[in-house]
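Undergrad: Chain by chain, the residues:
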Amino acid sequence: MIELRDFTIGFGDKKLIDNANATIDGGSLTALLGRNGSGKSTLLRAIAGLNRRYEGTITVGGLDVATTPAPQLARALAFVSTERTRIANLSCRDVVALGRAPYTDWIGRLTKADRDIVDESLEAVGMASYADRTLDRMSDGECQRVMIARALAQTTPVILLDEPTSFLDLPNRYELCRLLGRLACDHGKTILYSTHELDIALRLSDAIALIDTPRLVCLPVDEMVAAGHINRLFHLDLLDRKP
Amino acid sequence: MKNRTAILFIVIGLATTALFVIDLAVGSVKIPLGRVFAVLAGTERDPMTSTIVIDFRLVKAVMALTVGAALSVSGLQMQTLFRNPLAGPYVLGISSGASLGVALFMLGAPLLGLPAVVSSLGIAGAAWVGAAAVLIVVAAVGHRIKDIMVILILGMMFSSGVGAIVQILQYLSREEALKNFVIWTMGSLGDVTVSQLWIIIPAVAVGFILAVVTIKALNLLLFGQEYAMTMGLDIRRARLLIFASTTLLAGTVTAFCGPIGFIGLAMPHVTRLMFASSDHRVMVPATALTGAAVMLVCDIISKLFLLPVNAITALLGIPVVVWIVLRNNTMTR
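Heads up: the sequence lines are chains A and B, in that order. Position 20, counted from 1, in the first sequence is what the working numbering calls 20; the numbers after and before it change by one each time, with no gaps. Position 252, counted from 1, in the second sequence is what the working numbering calls 252; the numbers after and before it change by one each time, with no gaps.
Calculated from the structure, these hints are not laboratory results. Note that this is a predicted model, so its numbers are computed, not measured. Some hints here could point you the wrong way.
[Stated by the list, open to error] Chain A regions said to be covered by chain B (calculated; three or more residues, Cβ under 8 Å):
1) 4 to 13
2) 46 to 59
3) 161 to 175
4) 181 to 194
[Claimed, not checked] Computed spacing ranges between beta-carbons, pair by pair:
5) B/A133 to A/T57: 36 to 44 Å
6) A/G62 to B/I7: 23 to 31 Å
7) A/D64 to B/L326: 35 to 43 Å
8) B/L273 to A/N19: 36 to 44 Å
9) A/G62 to B/P202: 23 to 31 Å
10) A/L236 to B/G224: 19 to 27 Å
11) A/W106 to B/A133: 51 to 59 Å
12) B/T51 to A/R133: 52 to 60 Å
13) B/A205 to A/T8: 32 to 40 Å
14) B/V182 to A/R109: 25 to 33 Å
[Stated by the list, open to error] Partner residues are not named here, just some residues of chain A that face chain B (Cβ under 10 Å, in silico):
15) T111
16) K112
17) E197
C-beta: ideal position from N, C-alpha, C; glycine also.
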């Protein structure tokens, strides 16, 4: 679903990812792991079409991200960033409804079908009872869910999330990743999310995309663990050492 | 919710109409309401009264409507685009840019030995160019800087810098040119003639049309540029249209009436609170309407107490801005 070919990205001389070839399969939940500053956000933003300063090609569902116009790309891919958005006077339903923007007319009028999709999206993230509440009166976790519902309402085959579990406590992190897993499994979405939670990533994801600077390795979870990349990169041997 | 919005539109619409008529009746010459209606109906016999009502008061009241609506919608656009509650045409230096344009035109041209033509079209053109130039600078710099405070400080610094340049021009200028400019900076709804309305109204109307065209873009921009882009917004096109709209709205009224402060900053907040909405489908027409109503109030007050209208808008607007700052402060705690 997401394909990187001869992909190189970095800042000036510093190459974050060099000449990577990777494929992220459809209908799977993939965790993007890497050390601080390894370029997780940079990679996600490049796939989302927000950063076009890279070499090689990225295709999402067959569309070349660099050349696809924003309105068309928005029907293939939705993005949830780390940014916290608190907009007064805008209900959850209004926020999710804006996810329909790629399909609505010039002034954003919703059809009956659009409204049904909005309700289903809120239902899917368990926020249906919050539909009329405004974002400025909700917790971080609840806001995060609403923003995910907004991405769902975009009805794209691919969803990217940049550190969706930050700002959340441990039970909520598990809860959110289970939700993402369900969306991948039940709705057949391709979901790629960056995280620092090794434990959650290894337990709940189907596959891992690992930035092992300057390489990018994509493998199913079992193979990734067996290959020893994660132990090496995150120095997990240190944890085993007895004091 | 829908009912509340509809009722508010009707109530504020009626209030605006009433204020418009009151504005026609108020002034240095006492004209009873009945005769104002008589003039409007074309049955007034006294040509003097007709002239006062039509050529002076009607033009001024139409200008108050236009200025209030244009500045308020422009402020709304800037607040959404920059995601900054303190943004507005005035704070970000757009009005200052217009001032510089006019100063260069009114004061700079005579200094270079060119004839000091105080033509309305020339002033409008200079203000437009000045306003557009500032917007381009702020947008270009602001695009790279994420921190809204930095953009705000840049806007303030730009205004101060422009003020300094204008001061130099004033210092070097001759009396008559200087006087014309100083009067322009005081802001006035009264110097507009009927023929100038034929320039102002189409320009502002195009600005409004562009504002309506960009409603969906503004709604997406509530989430910031990046979210807007991933939701399918062509950001370059949207920004261009919004800038063009604000330049036409704020630039035009500033060109003819001088810089009028605080309306553009305060009215979007008041409107958001009244309509309990951030949806621009409601906010663009609602802000235009409330802005027009409040500007009429300011004009009536200025006529009753013979004060410059700029002082009234500031005195009414500043408490609103103080309230926004205090409210934001308590909300983040």
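Undergrad: Under 10 Å, Cβ to Cβ, is where A/T111 needs to be relative to chain B, so tell me if that hint holds or is violated.
TA: Violated: closest Cβ of chain B sits about 15 Å from A/T111, beyond 10 Å.
Undergrad: Assuming the hint says 36 to 44 Å, is it satisfied by the Cβ distance from B/L273 to A/N19 or not?
TA: Distance hint for B/L273, A/N19 is violated at roughly 55 Å.
Undergrad: Check whether three or more residues of the segment 161 to 175 of chain A sit with their beta carbon closer than 8 Å to a beta carbon of chain B.
TA: It is violated, with 0 qualifying residues against the three required.
Undergrad: Okay, the segment 181 to 194 of chain A and chain B, do three or more residues pass the C-beta test at under 8 Å?
TA: violated (count 0)
Undergrad: Return the status of the interface hint for A/E197: holds when the least beta-carbon distance to chain B is below 10 Å, violated otherwise.
TA: Not OK, violated: A/E197 not within 10 Å of chain B, min 24 Å.
Undergrad: I want to verify a distance hint. Is the separation of the beta carbons of A/G62 and B/P202 within 23 to 31 Å?
TA: violated, 47 Å
Undergrad: How does the Cβ-Cβ distance of A/D64 and B/L326 compare with 35 to 43 Å: does it lie in that range?
TA: Violated, at about 50 Å.
Undergrad: Checking C-beta pairs, does the segment 4 to 13 of chain A have three or more residues closer than 8 Å to chain B?
TA: Contact hint for the segment 4 to 13 of chain A vs chain B: violated, 0 residues under 8 Å.
Undergrad: Does A/K112 hold up as a contact with chain B if the rule is Cβ-Cβ below 10 Å?
TA: violated, 17 Å
Undergrad: Closer than 8 Å Cβ to Cβ for three or more residues is the test here. Does the segment 46 to 59 of chain A pass it with chain B?
TA: Three-residue rule met by the segment 46 to 59 of chain A, so holds; n is 3.
Undergrad: Between A/G62 and B/I7, is the Cβ distance one that fits in 23 to 31 Å?
TA: Violated, since A/G62 and B/I7 (Cβ atoms, about 50 Å apart) do not stay within the stated range.
Undergrad: Does the Cβ distance between B/A205 and A/T8 fall inside 32 to 40 Å?
TA: Taking Cβ atoms as reference, B/A205 and A/T8 lie about 50 Å apart, which means the hint is violated.
Of the numbered hints stated above, those contradicted by the structure are hints 1, 3, 4, 6, 7, 8, 9, 10, 11, 13, 14, 15, 16, 17, listed in ascending order.
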